[in-house]
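**Q** Place chain C on chain Z using the hints.
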Amino acid sequence: MSMFMGNTSQYSYANVDQEKLNLAEIQFDATSKTFNKILKTCEAKCLPHEYGESDLNTGESCCIDRCVSKYVKANLLIGTNFQEKRVNPYNNMPEYEKVRSMMTGQGGQSNNRS
Amino acid sequence: MDQLNVKEQQEFQKIVEQKQMKDFMSLYSNLVSRCFEDCVNDFTSANLSTKETSCIAKCSEKFLKHSERVGQRFQEQNAMLMQNLQK
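These protein sequence lines map, in sequence, to chains Z and C.
Be aware that the first sequence starts at 1, since it is given in the numbering used here, and climbs by one per residue.
Be aware that the second sequence starts at 1, since it is given in the numbering used here, and climbs by one per residue.
Hints were generated in silico from the structure; no laboratory data involved.
Virtual Cβ for every residue (Gly too), placed ideally from N, Cα, C.
Heads up, some of the hints might be wrong.
[To be verified] Distance condition first, Cα-Cα at most 27 Å in a straight line; then the derived DSSO-like pairs of lysine-lysine:
#	chain 1	residue 1	chain 2	residue 2
1	C	K19	Z	K20
2	C	K7	Z	K20
3	C	K65	Z	K70
[What the hints assert, rightly or not] According to the in silico footprint, chain C covers these stretches of chain Z (three or more CB under 8 Å from chain C):
#	region
4	69-77
5	81-90
6	98-105
[Said to hold, decoys possible] Some chain C residues flagged as far from chain Z (calculated, every beta-carbon gap over 10 Å):
#	residue
7	D42
8	A57
9	C59
Looking at chain C on its own, in the form it has when it is part of the complex:
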């Protein structure tokens, strides 16, 4: 990373942004998939019931907190690994 010159960093930034967008879309679709499968099982109506709506809200909030926490821990673990490598 730090060996790239300014122009290469700009190019690299573009690539990363595309990948970030892709990852975000897949996170989103995984969230919808999980929460739909866990919360919506009754098809006597075409509308979401109050119960389903609140389940989906809780599910998606929990999902996001999970990915946030995994992200934090992953960064910490990687930082520790780097430190150990430099020793």
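The following block holds chain Z by itself, in its conformation from the complex:
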């Protein structure tokens, strides 16, 4: 059917895979949530509540740099610990088991991911 384009997997004939899109959204949300959290946390830790000048002074800049760096490292450390201890939503949130069984029972779609 494609008269103009050889590859139909791209361009207008391409289908939208909703599941892939949802996954991309979840990944985006994770990053953006982390960023917004860092923004708030480092604001609380590094910005004093007095405004002598509008520029960040050396101490504040330095504090921000270290704060971001440490937050990212702490995030990574906890993530690694989670992986080692196999903490994940399927093992550690049994309260979702009921919801999952309801969903899989209704649509016949398996939501199991290993």
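**A** Using the frame of chain Z, we list chain C on its own:
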């Protein structure tokens, strides 16, 4: 990200733009909240005094510089993380 086809990327772009707008609004409201609380404490007048106005100006500029700097550092850290993962 790079595994999405053209149409999916377009859809994803729309979602991202909405989220960006949302994040921007929340940044804005956080800025107003912080600078109001830090700079405005005197209610003998309904107008902002010169002192309050200059405090708010400095506060908001500082706030924006802070978020800019955090954004830069966050990107750098993430890039470094990606590099380490690829090794």
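**Q** Please verify that the nearest CB of chain Z lies beyond 10 Å from C:D42's CB.
**A** holds (16 Å)
**Q** Would you assess whether C:A57, listed as outside the interface, keeps its beta-carbon beyond 10 Å of every beta-carbon in chain Z?
**A** Label violated. Min Cβ-Cβ 7 Å, cutoff 10 Å.
**Q** Would you check chain C against the region 98-105 of chain Z, counting CB to CB pairs closer than 8 Å, and say if three or more residues qualify?
**A** violated (count 0)
**Q** Check whether the Cα positions of C:K19 and Z:K20 lie no farther apart than 27 Å.
**A** holds (18 Å)
**Q** Between C:K65 and Z:K70, does the CA-CA distance stay at or below 27 Å?
**A** holds (20 Å)
**Q** Quickly compare the C-alpha distance for C:K7 and Z:K20 to 27 Å and report which way the hint goes.
**A** holds (12 Å)
**Q** Verify that the Cβ of C:C59 lies farther than 10 Å from every Cβ atom of chain Z, and report whether the claim holds or is violated.
**A** violated (5 Å)
**Q** Taking a Cβ-Cβ distance under 8 Å as contact, does the region 69-77 of chain Z have three or more residues in contact with chain C?
**A** holds (count 3)
**Q** With a C-beta cutoff of 8 Å, work out whether three or more residues of the region 81-90 of chain Z approach chain C closely enough for the coverage to hold.
**A** Coverage by chain C is violated for the region 81-90 of chain Z (0 residues, Cβ < 8 Å).
Hints 5, 6, 8 and 9 from the list above are not met by this structure, while the remaining hints are.
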